[in-house]
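S.K.: Heads up: the sequence lines are chains U and H, in that order.
According to my numbering, the stretch in the first sequence is residues 1 to 556, in order.
According to my numbering, the stretch in the second sequence is residues 557 to 657, in order.
Take these hints with a grain of salt, some might be off.
To be verified - Simulated pairs of lysine-lysine, BS3-like, Cα-Cα distance not exceeding 27 Å: (1) U:246 with U:275; (2) U:478 with H:633; (3) U:215 with U:190; (4) U:309 with U:275; (5) H:591 with H:633; (6) H:558 with U:478; (7) U:13 with U:246; (8) U:248 with U:80; (9) U:165 with U:77; (10) H:603 with U:477; (11) U:191 with U:216; (12) U:478 with H:591; (13) U:191 with U:165; (14) H:633 with U:80; (15) U:246 with U:215; (16) U:477 with H:633; (17) U:13 with U:167; (18) U:216 with U:167.
These are computed hints drawn from the structure, not numbers from a lab.
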Amino acid sequence: MYRYDEFDHDFVKARVAEFSDQVQRRLAGEITEDQFRPLRLMNGVYLQLHAYMLRIAVPYGTLNSRQLRMLGHIARKYDKGYGHFTTRQNIQFNWPALSDIPAILADLASVEMHAIQTSGNCIRNVTADHFAGAAADEVADPRPYAEILRQWSSVHPEFSYLPRKFKIAVTGAERDRAAIQTHDIGLHLKKNAAGELGFAVYVGGGQGRTPMVAKKIRDFLPEADLLSYCTAILRVYNLNGRRDNKYKARIKILVHETGVEEIASQIEAEWEALKDAGLRLPESDIHAIEAYFAPPALTDRPEGDAAVKRDRLDSRSFSEWLDQNVVTHRHPDYAAVTISLKGIGEAPGDATASQMEAVADIAEKYAFDELRVSHEQNLILPHVARADLRVVYDALVEIDLATANSNLISDIIACPGLDYCSLATARSIPVAQEISRRFASLERQREIGELKLKISGCINACGHHHVGHIGILGVEKKGSELYQVTLGGSADENTSVGEIIGPGFSSEEITNAIEQIVETYLGLRLGPSERFIDAYRRVGPAPFKEALYAGEAKAA
Amino acid sequence: MKVLTANRLGDGEVVWYANGAWAETIEAADTVADKAGEERLEAIGAKAAADNLVVDVNLIDVTIVAGIVEPVRLREKIRAAGPTNRNDLGKQARPQTAKAA
Ligand code: HEM
Ligand code: SF4
Numbered sequence: 001m002y003r004y005d006e007f008d009h010d011f012v013k014a015r016v017a018e019f020s021d022q023v024q025r026r027l028a029g030e031i032t033e034d035q036f037r038p039l040r041l042m043n044g045v046y047l048q049l050h051a052y053m054l055r056i057a058v059p060y061g062t063l064n065s066r067q068l069r070m071l072g073h074i075a076r077k078y079d080k081g082y083g084h085f086t087t088r089q090n091i092q093f094n095w096p097a098l099s100d101i102p103a104i105l106a107d108l109a110s111v112e113m114h115a116i117q118t119s120g121n122c123i124r125n126v127t128a129d130h131f132a133g134a135a136a137d138e139v140a141d142p143r144p145y146a147e148i149l150r151q152w153s154s155v156h157p158e159f160s161y162l163p164r165k166f167k168i169a170v171t172g173a174e175r176d177r178a179a180i181q182t183h184d185i186g187l188h189l190k191k192n193a194a195g196e197l198g199f200a201v202y203v204g205g206g207q208g209r210t211p212m213v214a215k216k217i218r219d220f221l222p223e224a225d226l227l228s229y230c231t232a233i234l235r236v237y238n239l240n241g242r243r244d245n246k247y248k249a250r251i252k253i254l255v256h257e258t259g260v261e262e263i264a265s266q267i268e269a270e271w272e273a274l275k276d277a278g279l280r281l282p283e284s285d286i287h288a289i290e291a292y293f294a295p296p297a298l299t300d301r302p303e304g305d306a307a308v309k310r311d312r313l314d315s316r317s318f319s320e321w322l323d324q325n326v327v328t329h330r331h332p333d334y335a336a337v338t339i340s341l342k343g344i345g346e347a348p349g350d351a352t353a354s355q356m357e358a359v360a361d362i363a364e365k366y367a368f369d370e371l372r373v374s375h376e377q378n379l380i381l382p383h384v385a386r387a388d389l390r391v392v393y394d395a396l397v398e399i400d401l402a403t404a405n406s407n408l409i410s411d412i413i414a415c416p417g418l419d420y421c422s423l424a425t426a427r428s429i430p431v432a433q434e435i436s437r438r439f440a441s442l443e444r445q446r447e448i449g450e451l452k453l454k455i456s457g458c459i460n461a462c463g464h465h466h467v468g469h470i471g472i473l474g475v476e477k478k479g480s481e482l483y484q485v486t487l488g489g490s491a492d493e494n495t496s497v498g499e500i501i502g503p504g505f506s507s508e509e510i511t512n513a514i515e516q517i518v519e520t521y522l523g524l525r526l527g528p529s530e531r532f533i534d535a536y537r538r539v540g541p542a543p544f545k546e547a548l549y550a551g552e553a554k555a556a
Numbered sequence: 557m558k559v560l561t562a563n564r565l566g567d568g569e570v571v572w573y574a575n576g577a578w579a580e581t582i583e584a585a586d587t588v589a590d591k592a593g594e595e596r597l598e599a600i601g602a603k604a605a606a607d608n609l610v611v612d613v614n615l616i617d618v619t620i621v622a623g624i625v626e627p628v629r630l631r632e633k634i635r636a637a638g639p640t641n642r643n644d645l646g647k648q649a650r651p652q653t654a655k656a657a
């Protein structure tokens with residue numbers, strides 16, 4: 001993985017010193033909250049319902065065990081023993097004292113981490129496919145490009161005060177696991193007919209109050225032109241983005257209002273003018289960064305086949321975990337493992353300090369020291385020998401992280417909601433917990449099959465509800481929580497925004513409503529291989545509306 | 557009826573204005589029921605913010621339930637108690653608050 005060079009170390013150290021000084025001056029009353037707020041936000045410090053909140057970037061979701069151990073240490077020493085992994089491959093701590101944040105940032109810097117640009121109207125943490133470097137279906141590892149983008153966008157003088165926040169995601173596979181079409185810029189790394197690497201470029205995706213699917217503006221951008229082309233996109237946006245209205249300030253609105261063809265031609269014109277002006281990526285630079293992401297030396301471990309066969313017979317729960325949470329690796333003797341942070345009835349994405357430390361130990365022993373945070377709020381061990389799967393599983397069982405529910409209905413994305421977030425209009429975590437408990441039976445979940453359920457506690461959509469097969473949005477109505485349900489959303493290569501199915505449900509009703517939707521699907525699907533999303537796309541909302549509301553209409 | 561609430565500057569702790577100081581629990585918060593009272597609390601809040609004691613100062617609606625001050629909105633109930641999914645966290649986890657509840 002990427003290691004800081006001297007420049008990076010000095011930069012992060014200087015920032016820690018600068019922000020520590022700003023915190024000291026704030027605590028001493030030398031600067032006001034109005035002066036301090038933009039400074040703290042630039043360093044990932046929010047004020048939430050109960051306390052300050054610190055958001056730490058996990059660049060493109062990649063961590064080593066030393067870093068995860070440090071996150072565990074921070075959780076234990078400065079927080080309340082846990083942290084929350086988010087859909088943007090970040091981690092949030094919910095209870096740090098402002099006066100402790102300089103020490104936390106110094107600890108983070110010691111393991112090459114920081115919280116810079118995790119807030120504010122700048123280019124945020126660049127996210128990537130969590131199976132990058134391991135996936136059998138990728139043409140190349142997207143992370144070197146994410147790292148190049150990160151270096152380019154860190155305190156970029158021209159792009160530090162954009163009209164609004166800006167999010168970039170990269171995938172290297174046809175199957176999109178990074179939800180690139182819901183980002184301001186989505187990059188799909190691919191090969192052209194000549195075997196050269198380049199990107200399909202999407203712009204103007206986003207969620208929030210106005211969800212939009214990104215539009216493809218280029219089918220193949222040579223890799224060398226990555227930075228010049230992104231610069232062109234950001235220039236057009238920086239100049240023309242709606243600074244007059246916060247709710248219309250994202251690039252998605254500009255793309256929508258300007259029209260795809262017009263915006264694409266503006267970007268192309270801008271690019272023509274700057275593409276030869278020094279931003280071309282020399283091959284040697286790309287290779288230098290790529291070298292950091294060189295895959296671990298995966299020695300052949302052919303004994304894995306027999307071991308897995310034997311252990312499957314020996315333990316049904318291990319076998320189910322293999323089916324659900326273990327995916328094919330590009331090396332046949334290896335696998336990528338999803339560590340579910342969605343234990344039945346648990347808060348999605350939360351992990352305790354001891355769990356983080358134990359997972360770090362497992363990664364160090366059995367996974368070449370590599371870990372990932374997925375946008376689905378799980379942890380990933382990208383490279384595990386199949387021969388070691390059983391020991392890894394047993395170790396995960398010991399720390400309650402072996403729930404075999406990846407991609408099933410209880411693998412819920414949920415934002416912090418009203419239990420923590422000052423912008424929330426309703427709670428999301430307890431809704432996730434209740435649904436998870438209702439569908440606790442793994443047998444039932446597997447019978448239902450792949451189902452992506454996503455919950456947000458307000459219209460900002462941090463919990464991706466717009467792109468959930470089933471999405472739940474919590475709002476406040478007449479002083480109570482009300483949950484609106486959308487169906488048919490999806491965040492993969494066929495991204496779609498879900499449709500509101502009808503009037504919302506109270507917190508007492510919502511789990512029943514979800515169950516009814518699931519039962520309706522089970523009744524109408526063509527067979528177990530027709531996933532919820534496929535069935536919904538085939539039949540549309542009518543049968544679900546009927547099941548949810550017909551009785552009510554009659555009763556009324 | 558209203559009370560004055562904020563977060564303490566140094567550690568972010570949720571506090572309410574009570575008896576001339578900022579208390580960590582809501583029970584004893586000063587309540588006001590008229591415009592003059594609200595203005596008095598607002599002035600206190602503005603001064604405390606200017607003095608860098610607290611941030612995010614707000615007047616919030618409360619009612620008295622069985623002699624105890626209780627926020628009206630769910631958001632403020634959660635601030636006064638802690639996350640609803642973890643009763644081991646926040647004010648609700650403290651022995652004296654647990655007893656009162
Ligand atoms: C708790 C403090 C948080 C605050 C104050 C906050 C604020 C916001 C706001 C205002 C938006 C809307 C942006 C827009 O429409 O222009 C947004 C969107 C979003 N946030 Fe958060 N958020 C928080 C936590 C989170 C968490 C925990 C996650 C990950 C689980 C997250 C991930 C996202 C995502 C994915 C979006 C939608 C994508 C987009 O930007 O269009 N946020 N957030
Ligand atoms: S969706 Fe709303 S409630 Fe949830 S984290 Fe985002 S801003 Fe907070």
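S.K.: Quick one: which hint numbers does this structure break? Sort them smallest to largest.
M.R.: Violated hints (numbers, rising): 1, 4, 7, 8, 9, 10, 13; every other hint is consistent with the structure.
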